[in-house]
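Colleague: Sequence:
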Amino acid sequence: MYTRSHPLLFAFLAATRRRAVSRVGGVLLVHGAEPYRQALTRIPLDRTAAGTTGGAVRELSVGGTLFDQEGAGHRTTRRAVGDDLGADGVERVRPVWREVLDRRLAPLGEGRDVDLVPLARELAGATVRALLGATGDPQAIASAAAEAAAAAVRDHLPGPRPPGTARAAAAAAARLEALLARDRPDGQPESALGAVLAVAAVNTTVAALPRAAAWCADAGLWDEAADKPLRTALVGELLRVIAPSPLLPRVAAADAVLEGCPVRKGDRLILVARHAARAHLQPPDARRPAPPAVAQLVFGVGSHACPGARLARAHLNDTLAALAPHRPIVVRARVDRGAALPGWRLLTVRATSGHKTGEKR
6 MYTRSHPLLF
16 AFLAATRRRA
26 VSRVGGVLLV
36 HGAEPYRQAL
46 TRIPLDRTAA
56 GTTGGAVREL
66 SVGGTLFDQE
76 GAGHRTTRRA
86 VGDDLGADGV
96 ERVRPVWREV
106 LDRRLAPLGE
116 GRDVDLVPLA
126 RELAGATVRA
136 LLGATGDPQA
146 IASAAAEAAA
156 AAVRDHLPGP
166 RPPGTARAAA
176 AAAARLEALL
186 ARDRPDGQPE
196 SALGAVLAVA
206 AVNTTVAALP
216 RAAAWCADAG
226 LWDEAADKPL
236 RTALVGELLR
246 VIAPSPLLPR
256 VAAADAVLEG
266 CPVRKGDRLI
276 LVARHAARAH
286 LQPPDARRPA
296 PPAVAQLVFG
306 VGSHACPGAR
316 LARAHLNDTL
326 AALAPHRPIV
336 VRARVDRGAA
346 LPGWRLLTVR
356 ATSGHKTGEK
366 R
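Straight run, no breaks: the sequence shown in the numbering used here ends on number 366.
Calculated from the structure, these hints are not laboratory results. Be aware that a few hints might be false.
Calculated cross-link-like contacts (lysine to aspartate or glutamate; reagent style DMTMM-like; alpha-carbon spacing at most 25 Å) [to be verified]:
| id | residue 1 | residue 2 |
| --- | --- | --- |
| 1 | K233 | D142 |
| 2 | K233 | E152 |
| 3 | K270 | E39 |
| 4 | K233 | D290 |
| 5 | K233 | E39 |
| 6 | K270 | D260 |
| 7 | K270 | D107 |
| 8 | K233 | D107 |
| 9 | K233 | D223 |
Predicted model only: the values in this text are computed from it and were never measured.
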């Protein structure tokens, strides 16, 4: 998947992963779990630098969002986002995505094929709309979020930027913000934070859900997915090996040392989440899962941890629960080479069993 979607980049990362930290010019490649953790917790990072998540956000908006804030502002925004994406927030919107799953997967029970990619898009768009109280069409929200991410991600990856990238990213961001627009009591439109969260939620969901289903089909994991206690562990394991956001691009804000390698202010850090979480060495095993401290690395660490981790786990848990009775197999797949994150452009599945577990999700 990785080498088919971004062949040069991930082939290069695979060739360098034997060293926990290595330098290539002004770029440090961080593969090891401990230096990855230290980079996020002990090295001051420039949240607004070009080529980082915060930098891309600032280019696409007026700033002041979670990914480019500092100090007290960052902590305040994290608390607000945490409330929306906490246990109560997730349970509030859970019926929304379960309705999408029930409706979209119904054809499997009738012997028809289902493409899981548009399902994931609608599920993500509907979830974002419910979380933000927006009124836009879920599919349109998902499409705009995907376009904005695909345009902005070129700032994160090495290589020349195609002409018009900045204009395309700004236009996609404007479309997304328009779809998410709603009036607030103060008469102002929805903040840019809503658009940023939509981009993050949509792109990670669309990358993760079809790939997790394909892994279960290929590795014969549907029995584990059908078992509620095992499914909880399986969700964590699948997210660990899939690593929906496999790379975290950051920039050092001060001199430091990482695994014996000097870090200079302004150095670019490419934190390889999937290698830090040992995704390339340890396949998913619901009966012997990786330690939580390792599995969590795909969601970041400390103040840089992803506030949407609970939502991602709930999405995947319910998707696996809905698919497991059908024991689907993959009948057609096509990689998405234009997406911001490695994923499928098409993933068609077909049921192999009419067995029902009787479990209520």
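Colleague: State for each hint whether it applies.
Modeller: Results for each hint:
1. K233 / D142: Not satisfied, since the Cα-Cα distance of roughly 32 Å exceeds 25 Å.
2. K233 / E152: violated (36 Å)
3. K270 / E39: Holds, at about 20 Å.
4. K233 / D290: Distance ~15 Å between K233 and D290 Cα, so the pair holds.
5. K233 / E39: violated (32 Å)
6. K270 / D260: Distance ~5 Å between K270 and D260 Cα, so the pair holds.
7. K270 / D107: violated (51 Å)
8. K233 / D107: Holds - the C-alpha atoms of D107 and K233 are around 18 Å apart, at most 25 Å.
9. K233 / D223: holds (20 Å)
Hint violations for this structure: numbers 1, 2, 5, 7, all remaining hints satisfied.
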